[in-house]
Amino acid sequence: MEKFVKHTGNALPLRRSNVDTDQIIPAVYLKRITKSGFEDGLFAAWRNDPAFELNQPQYKSATVLVVGPDFGTGSSREHAVWALQNYGFKVILSSRFADIFRGNSQKMGLLTVILPQADIEKIWQEIESKPDTQITVDLGAKTVAYAKTTLTFDIDDYTRWRLMEGLDDIGLTFTKIDQVTRFEEKRLSFKPKTLPIR
Amino acid sequence: MGKTLAEKIWSEHVVAAAAGEPDLLYIDLHLIHEVTSPQAFDGLRLANRKVRRPDLTIATEDHNVPTLDIDKPIADPVSKLQVDTLRKNCAEFGVRLHSLGDVEQGIVHVVGPQLGITQPGMTIVCGDSHTSTHGAFGALAFGIGTSEVEHVLATQTLPLLPPKTMAINVEGTLMAGVTSKDIILAVIAKIGTGGGQGYILEYRGSAIRALSMEARMTICNMSIEAGARAGLIAPDQTTFDYVKGKAHAPTDGDWDAALTYWKTLTTDADAKFDKEVNLNADELAPFVTWGTNPGQGLPLTASVPDPDDYSNAEDRGAAKRALEYMDLKPGTPLKSIKVDTVFLGSCTNGRIEDLRSAASVIKGKKIASSLRLLVVPGSARVRLQAEAEGLDKVFLDAGAEWRSAGCSMCLGMNPDQLKPGERAASTSNRNFEGRQGKGGRTHLVSPLVAAATALKGTLASPADL
Numbered sequence: 001m002e003k004f005v006k007h008t009g010n011a012l013p014l015r016r017s018n019v020d021t022d023q024i025i026p027a028v029y030l031k032r033i034t035k036s037g038f039e040d041g042l043f044a045a046w047r048n049d050p051a052f053e054l055n056q057p058q059y060k061s062a063t064v065l066v067v068g069p070d071f072g073t074g075s076s077r078e079h080a081v082w083a084l085q086n087y088g089f090k091v092i093l094s095s096r097f098a099d100i101f102r103g104n105s106q107k108m109g110l111l112t113v114i115l116p117q118a119d120i121e122k123i124w125q126e127i128e129s130k131p132d133t134q135i136t137v138d139l140g141a142k143t144v145a146y147a148k149t150t151l152t153f154d155i156d157d158y159t160r161w162r163l164m165e166g167l168d169d170i171g172l173t174f175t176k177i178d179q180v181t182r183f184e185e186k187r188l189s190f191k192p193k194t195l196p197i198r
Numbered sequence: 001m002g003k004t005l006a007e008k009i010w011s012e013h014v015v016a017a018a019a020g021e022p023d024l025l026y027i028d029l030h031l032i033h034e035v036t037s038p039q040a041f042d043g044l045r046l047a048n049r050k051v052r053r054p055d056l057t058i059a060t061e062d063h064n065v066p067t068l069d070i071d072k073p074i075a076d077p078v079s080k081l082q083v084d085t086l087r088k089n090c091a092e093f094g095v096r097l098h099s100l101g102d103v104e105q106g107i108v109h110v111v112g113p114q115l116g117i118t119q120p121g122m123t124i125v126c127g128d129s130h131t132s133t134h135g136a137f138g139a140l141a142f143g144i145g146t147s148e149v150e151h152v153l154a155t156q157t158l159p160l161l162p163p164k165t166m167a168i169n170v171e172g173t174l175m176a177g178v179t180s181k182d183i184i185l186a187v188i189a190k191i192g193t194g195g196g197q198g199y200i201l202e203y204r205g206s207a208i209r210a211l212s213m214e215a216r217m218t219i220c221n222m223s224i225e226a227g228a229r230a231g232l233i234a235p236d237q238t239t240f241d242y243v244k245g246k247a248h249a250p251t252d253g254d255w256d257a258a259l260t261y262w263k264t265l266t267t268d269a270d271a272k273f274d275k276e277v278n279l280n281a282d283e284l285a286p287f288v289t290w291g292t293n294p295g296q297g298l299p300l301t302a303s304v305p306d307p308d309d310y311s312n313a314e315d316r317g318a319a320k321r322a323l324e325y326m327d328l329k330p331g332t333p334l335k336s337i338k339v340d341t342v343f344l345g346s347c348t349n350g351r352i353e354d355l356r357s358a359a360s361v362i363k364g365k366k367i368a369s370s371l372r373l374l375v376v377p378g379s380a381r382v383r384l385q386a387e388a389e390g391l392d393k394v395f396l397d398a399g400a401e402w403r404s405a406g407c408s409m410c411l412g413m414n415p416d417q418l419k420p421g422e423r424a425a426s427t428s429n430r431n432f433e434g435r436q437g438k439g440g441r442t443h444l445v446s447p448l449v450a451a452a453t454a455l456k457g458t459l460a461s462p463a464d465l
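Protein chains in written order, with my numbering: chain A, 1 to 198; chain B, 1 to 465.
Simulated from the structure, these hints should not be mistaken for lab results.
All figures in this text were calculated on a predicted structure; none of them were measured in a lab.
Hints are supplied without guarantee of correctness; some may be wrong.
[What the hints assert, rightly or not] Pair ranges (Cβ atoms, derived):
(1) A:Gly88 - B:Leu384: 47 to 53 Å
(2) B:Asp241 - A:Glu184: 29 to 35 Å
(3) B:Met1 - A:Thr152: 32 to 38 Å
(4) B:Val78 - A:Lys130: 40 to 46 Å
[Unchecked claim] Far from chain B by the CB rule (all over 10 Å, computed), these chain A residues:
(5) Lys6
(6) Leu54
(7) Arg77
(8) Glu126
Glycine residues also receive a C-beta, built at the ideal position from the N, C-alpha and C atoms.
Given only the sequences and the hints, what does the whole structure look like? Please build it.
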């Protein structure tokens with residue numbers, strides 16, 4: 001995973017709530033067996049509409065997505081995170097993320113920042129009136145800064161450390177693998193196994 | 001202070017815990033399918049890792065597979081490559097796989113319980129958000145992303161922060177024609193699609209206790225639609241009777257030991273939930289969604305709401321967008337809405353009891369000539385059981401299509417899709433824009449409402465026939 005320390009970029013306002021992962025990437029785009037090439041499926045159904053924000057030239061270079069509440073609900077497909085990253089997004093700002101989507105983004109180094117809806121509204125207004133507004137998201141300082149405004153956000157220290165170091169979770173768990181083995185020795189013997197019966 | 005059921009199962013699976021870090025949780029069962037696993041197996045190969053516990057891992061083909069001509073090669077080359085990749089990965093890493101055509105093939109959340117491999121007190125994960133289904137057995141079961149699939153394959157554990165707990169108390173008695181699907185649609189309408197975020201739900205109360213195992217699975221299945229990663233129900237005699245005798249159920253002395261343990265799996269009387277929600281089962285009616293998220297639901301007797309009646313700007317905007325997409329006008333009685341396709345199936349309502357209840361309404365009648373009824377059993381075993389009971393004949397005689405097992409039109413990843421503008425009454429779990437096919441419109445319903453709608457041509461309950 002790539003380290004995330006600080007990112008500055010243009011932002012795209014998406015004034016929609018409940019953007020589920022079927023909207024982020026429809027199921028028909030999930031058939032690839034790699035983690036790349038999903039950018040074509042990003043918001044596929046909406047991209048036919050020339051008025052859709054992603055099609056607006058002023059937001060072409062956006063790397064920060066600013067979206068309404070309950071982003072990433074529904075299906076657990078990590079392809080939603082890959083599609084956003086493949087397209088070029090580095091940070092998502094919203095007042096609420098779905099649990100599984102947020103977990104997936106944190107595994108892949110796509111930063112999901114939770115801000116109060118009132119702040120999201122102000123950022124929308126700012127980037128709609130001045131699309132070249134630069135937003136800086138500093139994970140070390142836990143701040144989001146644009147124009148003359150600096151906002152702080154919360155993230156648990158463990159996830160923050162992992163993201164800033166670009167650490168692979170599996171590698172971290174392998175440092176505790178002896179504890180896993182000891183746990184397995186004490187598991188209840190009647191728990192089922194998947195091996196074929198007879 | 002006592003513990004809730006979720007807290008009990010959680011604490012019994014903690015391998016390692018440290019202040020300021022997530023708990024490392026042991027996973028008892030890992031279910032795999034073709035769509036969310038290829039990149040995880042690739043990751044193992046790149047890092048030269050193996051599957052730590054193939055004996056706690058099982059795979060099936062479901063999301064992508066056709067429900068017609070399953071004896072022929074898969075026509076879509078991209079789907080075929082994904083299924084072939086699963087077969088290759090399972091062979092290489094020693095994972096048991098039930099392929100298309102195999103008698104144990106089916107939707108992963110139907111297969112686990114029918115094999116008896118889903119049992120109380122377990123931790124169960126799958127790269128699919130409807131893994132919450134298995135919570136019906138008093139298991140802690142939740143969907144994960146592909147990075148986590150790789151983590152479980154490699155270590156049989158997951159690092160997770162403990163969620164909060166929420167009790168959903170449903171007291172009373174359901175009226176005839178009201179099902180567990182209506183309970184969960186009413187719960188989601190009440191707490192919203194984000195209401196369960198950060199929580200594990202525990203469904204409790206007399207109305208829940210009275211439900212069969214399959215009806216309980218329908219409720220737990222849609223926990224994710226309320227935003228909760230997991231939902232569970234304490235195991236009781238209904239659970240034990242269902243598990244007993246299944247292929248992977250404990251036997252002899254193991255059964256006695258298991259039963260003794262399972263009986264401890266209840267929320268302690270002095271335990272405290274972080275939140276409680278109450279629902280009166282007596283007041284529930286058949287439910288249907290009118291919008292594009294599962295929280296946008298109402299009793300079938302209601303009319304399409306007016307967005308301007310919402311005080312909250314977000315809800316108002318969402319309702320406006322939803323009505324535009326659904327091509328519905330405020331004030332239209334829901335029962336007057338004409339439907340083009342009825343889909344009976346999915347991990348929510350594709351089990352034998354669901355097929356039986358729909359067949360009981362349809363038996364001896366013909367579906368409306370204006371629509372198609374697609375019946376897709378949740379697993380090959382469900383299909384065989386239904387055929388043994390003559391249910392296939394009931395559906396075929398009525399003019400329905402009788403298909404092979406898979407996720408099918410629930411997510412429209414295989415050829416079973418709605419056409420743009422087509423309207424469906426569906427027993428599945430998501431009415432998102434385009435979920436069942438680009439431009440398709442979905443109304444979520446119970447199998448009873450699906451069956452009545454298929455006969456009438458407009459949204460209906462059996463009482464309307």
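Taking the hints in turn, this is what the structure says about them:
1. A:Gly88 - B:Leu384: 47 to 53 Å: holds (49 Å)
2. B:Asp241 - A:Glu184: 29 to 35 Å: Taking Cβ atoms as reference, Asp241 of chain B and Glu184 of chain A lie about 30 Å apart, which means the hint holds.
3. B:Met1 - A:Thr152: 32 to 38 Å: holds (34 Å)
4. B:Val78 - A:Lys130: 40 to 46 Å: holds (42 Å)
5. Lys6: holds (23 Å)
6. Leu54: holds (16 Å)
7. Arg77: For Arg77 of chain A, whose nearest Cβ neighbour in chain B is about 7 Å away, the distance does not exceed 10 Å, so it is violated.
8. Glu126: Answer for Glu126 of chain A: holds, closest chain B Cβ roughly 19 Å.
In this structure, the one hint that does not hold is number 7.
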